Amino acid sequence: AQKVTQAQTEISVVEKEDVTLDCVYETRDTTYYLFWYKQPPSGELVFLIRRNSFDEQNEISGRYSWNFQKSTSSFNFTITASQVVDSAVYFCALTWTSNTGKLIFGQGTTLQVKP
Amino acid sequence: EAGVVQSPRYKIIEKKQPVAFWCNPISGHNTLYWYRQNLGQGPELLIRYENEEAVDDSQLPKDRFSAERLKGVDSTLKIQPAELGDSAVYLCASSPPVKGEQFFGPGTRLTVL
Chain A
3 AQKVTQAQTE ISVVEKEDVT LDCVYETRDT TYYLFWYKQP PSGELVFLIR
53 RNSFDEQNEI SGRYSWNFQK STSSFNFTIT ASQVVDSAVY FCALTWTSNT
103 GKLIFGQGTT LQVKP
Chain B
18 EAGVVQSPRY KIIEKKQPVA FWCNPISGHN TLYWYRQNLG QGPELLIRYE
68 NEEAVDDSQL PKDRFSAERL KGVDSTLKIQ PAELGDSAVY LCASSPPVKG
118 EQFFGPGTRL TVL
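Chains A and B supply the protein sequences, listed in that same order. 3 is the number of the first residue of the first sequence in this note's numbering; add one for each residue after it. 18 is the number of the first residue of the second sequence in this note's numbering; add one for each residue after it.
No lab work stands behind these hints: they were computed from the structure. Here the structure is a predicted model, which means the values were calculated and not measured. Cβ coordinates follow ideal geometry from the N, Cα and C atoms, glycine included. Wrong hints could be hidden among the right ones.
Below, computed lysine to any residue pairings styled on SDA-like, alpha-carbon distance capped at 20 Å [unchecked claim]: (1) A:Lys116 <-> A:Thr80; (2) A:Lys40 <-> B:Glu61; (3) B:Lys79 <-> B:Trp39; (4) A:Lys104 <-> B:Glu67; (5) A:Lys104 <-> B:Lys33; (6) A:Lys104 <-> B:Asp73; (7) A:Lys116 <-> A:Thr74; (8) A:Lys104 <-> B:Glu69; (9) B:Lys95 <-> B:Ile30; (10) B:Lys33 <-> B:Glu61; (11) A:Lys5 <-> B:Lys95; (12) A:Lys104 <-> B:Ile30.
Ranges of calculated distance between the beta carbons of each label pair, as one might list FRET restraints [stated by the list, open to error]: (13) B:Gly45 <-> A:Ala9: 21 to 31 Å; (14) A:Thr99 <-> B:Gly89: 16 to 26 Å; (15) A:Glu58 <-> B:Arg26: 18 to 28 Å; (16) B:Gly45 <-> A:Lys72: 29 to 39 Å; (17) B:Gly102 <-> A:Lys72: 16 to 26 Å; (18) A:Asn60 <-> B:Glu85: 37 to 47 Å.
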């Protein structure tokens, strides 16, 4: 099966705390792509990152960082020093080369950052 | 650069009525996607277009749903007749010729009463 699991349904933190959103994926393909999207209350999905299966290098972008580990089929997302504006639903997604570009999304994790 | 445009943003209809959603992708993006997002779920693909050709419509309920992308630019998704279970957000996305990330529009929130 090809699927994405985000086990955390909701997370609540206080501003300035660090928070990690988990993503576990399953795929039979050796060439695949993983994504994170942010969906604020306005509803529009905002692209955050794409990572291909051959690049396990972790990435940092400002307060955001991503930890890709093929050994555990995980692609976790950490927000450092969270802010109220980070409050949103975050989706992890998967596609693979023979999948015609269709994204398979996880259930999403709702992050609430309280002041 | 303008993003993906969708209209209307909200639509409330009674069951058995028809409804249509419109999407204008980012200029130069030849691939267009329609997704449906149920409450509390991630989006699920309904149909994917490469230019004007539907290359993946395996998830589209063809008895009541139809879509078109004339001239390979704008697209319309139609439901006729709508059912209560069709209440959801309908998202349109587009991506450039060299495969990359998909850019999403704000979606149309459909409520069927």
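Now for the hints, and whether the structure bears them out:
A distance of roughly 17 Å separates the Cα atoms of A:Lys116 and A:Thr80; the hinted pair therefore holds under the 20 Å criterion. A hinted pair counts as satisfied when its Cα atoms are at most 20 Å apart, and A:Lys40 with B:Glu61 qualifies at roughly 16 Å. With a C-alpha separation of about 18 Å, the suggested pair B:Lys79 and B:Trp39 falls inside the 20 Å cut-off, and the hint holds. With a CA separation close to 12 Å, the supplied pair A:Lys104 and B:Glu67 stays within the 20 Å bound.
Taking the CA atoms of A:Lys104 and B:Lys33, the gap is about 30 Å. The hint is violated against a cut of 20 Å. At roughly 9 Å between alpha-carbon atoms, A:Lys104 and B:Asp73 fall within 20 Å of each other, so this suggested pair holds. Our distance criterion of 20 Å between C-alpha atoms is broken by A:Lys116 and A:Thr74, whose separation comes to about 31 Å. Note on A:Lys104 and B:Glu69: the hinted pairing holds, with a Cα-Cα distance of about 17 Å set against a maximum of 20 Å.
For the hint pairing B:Lys95 with B:Ile30, the CA-to-CA distance comes to about 13 Å; that is within 20 Å, so the pair holds. Pair hint B:Lys33 plus B:Glu61 does not hold up; C-alpha atoms about 23 Å apart against a cutoff of 20 Å. Restraint check for A:Lys5 and B:Lys95: not satisfied, since their Cα atoms lie roughly 28 Å apart, outside the 20 Å limit. A hinted pair counts as satisfied when its Cα atoms are at most 20 Å apart, and A:Lys104 with B:Ile30 does not qualify at roughly 29 Å.
Between B:Gly45 and A:Ala9 the beta carbons are some 38 Å apart, a value that contradicts the proposed interval 21 to 31 Å. At about 23 Å, the beta-carbon gap between A:Thr99 and B:Gly89 stays in the expected band of 16 to 26 Å. Between A:Glu58 and B:Arg26, the C-beta spacing of about 40 Å breaks the proposed range 18 to 28 Å. At roughly 34 Å, the beta carbons of B:Gly45 and A:Lys72 sit within the given window of 29 to 39 Å.
As the Cβ distance of B:Gly102 to A:Lys72 is approximately 38 Å, the hint placing it in 16 to 26 Å is violated. For A:Asn60 and B:Glu85, the hinted distance range of 37 to 47 Å is satisfied, since their beta carbons lie about 43 Å from each other.
In terms of the numbered hints stated before, the structure departs from hints 5, 7, 10, 11, 12, 13, 15, 17, listed from lowest to highest.
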